[in-house]
Amino acid sequence: MRISSNTQFIASNYSLNSNHARLSSLNEQLSSLKRINRPSDDPVASAQLINLGQSMSRNDQMMINTRTIESTLALSEEYLFRGGEVLQSIQNLAIQAGNASLTDEDRSYLRTQLQEQVKGLVGIANSADGQGKYLFSGTKSDTPPFELTLEPTMSIQYKGDWQRQDVAASASRDIAITEPGGLLFGASSTVADASKPDEFSAGNELWQALARFDQILAAGPNGMAKAGPDGEVVMNNATPPAAVLGADGKPMQFKDGLPRLDVNGAALLEPVLDAGGNPVLGPDGVTPLQQAQTKDLPPTYDESLAKTIEGLKDGQEQLLRSHTSIGARRAEVETLSKTGEGLDVQYKSAVGQLQDLDYVQAITDLNMAITALDTTQKTYKLVSELSLFKYI
Amino acid sequence: MSIFNIGLSGLNAAQVALSTVAQNVTNVNTPGYHRQRVSQAAQMPSFEGYGFVGRGVEMTAVNRVYNSYLERQLTTATTQDSKLMTQMSYLSQLEDLLGDESTSLGNSMSDLFKSMQALNSTPDSIPARQSVVNSAQAFAGRVQLVNGRFEELRTGINTQIHSSVSQINAIGKQISEINVQIQSLGQGAAIPNDLMDKRDQLVLDLNRLVKADVTVQSDGRYTVSIGSGQALVASGDHFPLEVVPSLEDPQKLEIAYAGSNGTVRIPDRLFEGGSLSGLINSKAEALNRSQADLGRLVIEVADQLNRQSSTGRDLYNQPGGDIFKSLNAFRPLPVGEEIQPPTVPPTFQTLETQMKSYRDAAANFAVVITDPSKLAVGSSLKASLPLDGKLKPTISSVWQSAQGSNGAAIPTLPGPIELKYVPDAKPPFTAAGYTVTDAPGVPGGYVLTSDTDPSLVVEFKAEGMGEDAATLLISNKALGKDTNSGFAVKPEAGGIAAMWAPYGDTVGSMPAAGVSISWDGSAWSAPAGYTVEAANPPDNGYRIMNAAGEQVVGFAANPAKLAAGNSFTIGSGPSDFTPSDNSNMLAMVKIQTKKTMSSTPNGINNFHPGDAAGKTTDFQGFFGQLVSFVGNKTNEVKIAAQAQTVTLKETYLARESFSGVNLDEEAANLIRFQQAYQASSKVIQIAQQVFSDLLQMR
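Chains as they are written, first to last, in my numbering: chain A, 1 to 392; chain B, 1 to 698.
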């Protein structure tokens with residue numbers, strides 16, 4: 001092949017250029033320690049890196065979120081624990097109140113103690129976090145969740161809402177960081193039917209039992225219905241009192257506490273009815289025969305106290321359940337947080353696999369490229385020095 | 001005598017050969033120079049009776065060493081190389097812009113959603129809200145930066161198109177001038193080698209700018225044509241190109257040809273090689289697609305976030321407003337579709353008008369929310385406890401999910417939803433007029449979809465299901481965060497189970513003293529100026545209307561507790577404002593991973609996949625597709641350019657090896673012709689000596 005003088009120059013120029021380009025690309029890779037420095041280096045991996053970037057950024061935020069969730073739940077748990085302690089001492093009061101030797105004065109002391117304890121319990125239920133937001137008012141965090149009035153009768157009403165604040169703890173799991181106080185403690189101390197003060201509604205047992213406890217302490221056994229004295233003859237409230245005739249037409253005797261005496265000491269009776277629903281008259285043909293009332297009896301102090309103790313126990317169980325549910329959430333958050341950390345490592349290793357440089361390979365390549373460039377330069381210099389003109 | 005002549009002819013021949021060598025040596029680096037060779041031949045001998053006696057040497061020609069096949073190869077390789085190099089320079093700018101981490105749109109988009117996610121832990125914190133506004137502004141700023149660079153590239157390309165066209169015209173003019181010179185030499189005359197070299201070099205230079213075909217006329221003149229045969233140079237005439245604004249979009253440039261039949265626009269696709277085609281292709285293939293994708297992305301980001309925002313409540317307990325400026329007015333149609341409303345004659349979407357819409361959209365992308373309190377983090381809906389006052393089940397959060405896209409209207413709740421809990425059913429809720437489904441992947445989550453079109457979608461989470469059937473109400477929160485902006489009834493815990501804010505446009509105000517109503521066993525009676533009318537749903541639902549026919553409040557009666565003679569006063573009550581409610585923001589954050597985008601169609605004639613196209617990816621994935629597209633394109637051009645560089649080198653070397661000057665060869669020729677010159681001189685010297693010897697013989 002014929003060679004022109006420019007052939008040398010063109011060929012060397014091309015080699016020098018391509019060697020330089022190779023060297024500069026290796027240099028860039030080695031200084032950034034990345035295999036991919038621009039999308040065209042690996043278009044598919046570049047798109048994957050962008051998606052991984054989003055996943056990593058989300059996962060970072062999730063890990064921050066898990067810490068927030070954990071600390072908020074820990075705060076709620078702490079307050080619930082203290083609420084449980086107060087409730088325990090209220091239950092002790094209820095057991096004391098059952099002591100038959102208590103005087104009305106003793107009971108008024110107990111009532112004062114109870115009211116102080118309830119104030120404490122409602123105070124705990126109205127706790128706020130570090131930023132002054134109420135923990136237990138649902139999403140209405142600017143409103144104190146419970147309103148307590150002591151006089152004339154104890155009343156506790158929930159003023160928050162029933163919604164929760166959820167925070168994402170992982171891509172697919174939102175965790176509630178607040179618990180509406182209405183679900184923890186109850187919504188209202190008002191019973192559904194005022195004539196049955198001991199029938200507490202589900203979920204509201206705690207407040208209703210406390211309000212009832214306050215009522216019976218105020219009333220005392222003497223201010224409430226009582227069991228009839230067994231063996232004695234039941235007398236009516238006429239003047240002078242006369243014996244009441246029972247269903248058998250003979251004077252009725254108290255038996256098994258029945259008939260019950262109301263607050264004023266009057267026996268609670270109801271007329272005996274025949275099959276047609278008409279009162280059966282006594283031997284005088286005027287006075288209806290009576291029998292002891294057995295349904296819808298007004299409760300006695302002891303009965304109400306027993307219901308109260310039961311209600312307090314239900315309330316404490318409800319609190320404990322919520323406590324457990326918060327604990328379970330904390331445990332879940334901890335797991336999710338660990339999962340997040342694991343994911344972070346996986347994402348980083350995926351990014352690494354996509355864009356990390358094979359140092360050994362790159363350095364070897366760099367050495368080869370340097371050698372090639374060096375050789376090209378030397379060859380060019382030597383060859384370009386050859387000229388016949390030197391010799392003529 | 002003839003010895004003198006013969007020597008002289010040899011001397012002349014050697015001199016011509018030496019000057020040709022000198023010409024070759026001096027032009028060793030002249031672009032387009034072809035080495036020249038002298039052709040010589042023995043002169044016609046003279047007959048002297050005994051035979052023929054030589055008469056010396058004569059010069060027949062000075063030729064350039066030229067191979068038209070090699071030249072054509074070089075021209076083709078040059079025009080391709082120049083096209084690819086031009087494309088490469090713009091594509092690498094584009095990929096640096098999109099791929100660089102510090103300017104990456106992807107990161108700034110992730111940051112926006114990250115700050116929204118962070119706000120979910122402290123929904124009423126002003127600093128956390130401010131951080132969302134700031135990241136939204138940072139994202140909009142990044143979009144403006146990228147779009148600004150796109151516009152700069154576009155301007156750069158347009159400027160270069162202008163200058164390329166004027167260079168093409170200058171070269172065309174020079175070729176036509178050479179044609180005139182050649183013509184003036186007359187028919188059949190030899191054309192000077194250096195003039196031909198100059199003209200061939202001009203053709204090569206022209207091909208660097210635009211692919212041009214050359215036809216050699218019988219008299220040696222060139223006809224140069226470009227595109228699909230538009231003659232740039234014909235004989236001595238030159239028809240210049242012009243850059244004219246497109247008829248559809250004045251900002252788009254087209255190349256027109258001022259031929260003999262008036263100005264003709266040359267379609268872009270007819271330019272195949274040269275930097276001009278590289279410029280046109282960079283714009284059409286990569287820049288247009290990138291800018292259209294950016295425009296489409298921000299239209300969708302603004303629409304999706306604004307839609308969800310509009311269903312929420314801000315920190316003033318008012319409906320949420322736009323976060324980003326709405327870009328729905330810029331939404332174009334796929335190319336070829338008729339623009340609505342129809343016009344006479346009908347107008348159709350063209351690529352130019354489509355591009356203009358996308359460019360305008362990207363340029364207009366901005367954050368409109370300034371007050372961080374106005375971020376709609378909370379839900380506009382609330383759920384009541386079961387109407388009988390029990391605690392089970394409880395709805396722990398409820399929000400409206402903004403469906404659809406393309407700026408379609410979002411329906412608002414037309415009235416309270418009466419949600420009936422049916423224990424043990426799957427799903428355990430029913431609501432008249434709505435379909436209830438389980439929310440995928442959310443334990444205790446349900447989705448209510450209305451039977452209307454467009455459908456209203458409400459999502460809620462319920463828990464503590466219980467064993468008893470129950471009825472709950474989902475209704476709008478009353479607006480405003482004043483202490484008395486909601487509703488309350490006295491006496492409580494009676495026959496009225498729930499109250500809700502009025503629905504619809506006709507909203508009347510609640511008098512300060514409230515409205516007292518009473519139930520006579522079959523109907524409600526209201527004070528003068530007010531009426532109570534039934535409102536279904538829910539069952540036993542009513543609303544109080546004032547004299548002006550405006551709704552004051554809606555309420556649901558609880559028949560189990562309602563007795564004839566009961567009376568109630570419904571008045572203002574505690575506000576429905578819930579500062580820690582973040583359910584709307586939770587729904588907004590989910591947009592990050594929602595499939596909201598369809599892939600851009602491949603090709604260069606349409607960048608809108610059509611509204612019917614399936615949504616296949618989320619925002620980030622869509623941006624990834626764009627980066628991958630530009631990366632692939634760059635990679636493709638890079639590889640082609642590398643291959644073309646090698647091809648160019650090889651064809652260049654082939655031409656050089658055939659036509660190029662070799663200095664060593666010329667040096668050898670120099671000696672050779674010098675010796676020939678010396679020898680011829682010697683011949684003359686000998687002849688002179690012979691002659692003088694003759695003269696001295698006296």
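Rather than coming from a laboratory, the hints here were simulated on the basis of the structure.
Computed from a predicted model, the values in this text were never measured in an experiment.
There could be a bad hint or two in this list.
[To be verified] Straight line, CA to CA, 35 angstroms or less: simulated DSBU-like cross-link-like pairs of lysine-lysine: (1) B:390 / A:159; (2) B:481 / A:159; (3) B:374 / B:638; (4) A:133 / A:338.
Review point. Does the structure keep residue 481 of chain B and residue 159 of chain A at a Cα separation of 35 angstroms or less?
Key: Roughly 15 angstroms separates the two Cα atoms, so the pair holds.
Practice item. With a cut-off of 35 angstroms on the C-alpha distance, tell me whether residue 390 of chain B and residue 159 of chain A pass. Key: Measuring from Cα to Cα gives roughly 16 angstroms; hence the hint holds.
Point to revise | Agreement of residue 374 of chain B and residue 638 of chain B with the hint, judged by alpha carbon distance not exceeding 35 angstroms | key: violated, 49 angstroms
Review point. When you check the alpha-carbon spacing of residue 133 of chain A and residue 338 of chain A, does it fall within 35 angstroms?
Key: holds, 29 angstroms
Violation of the numbered hints given earlier is confined to hint 3; every other hint is satisfied by the structure.
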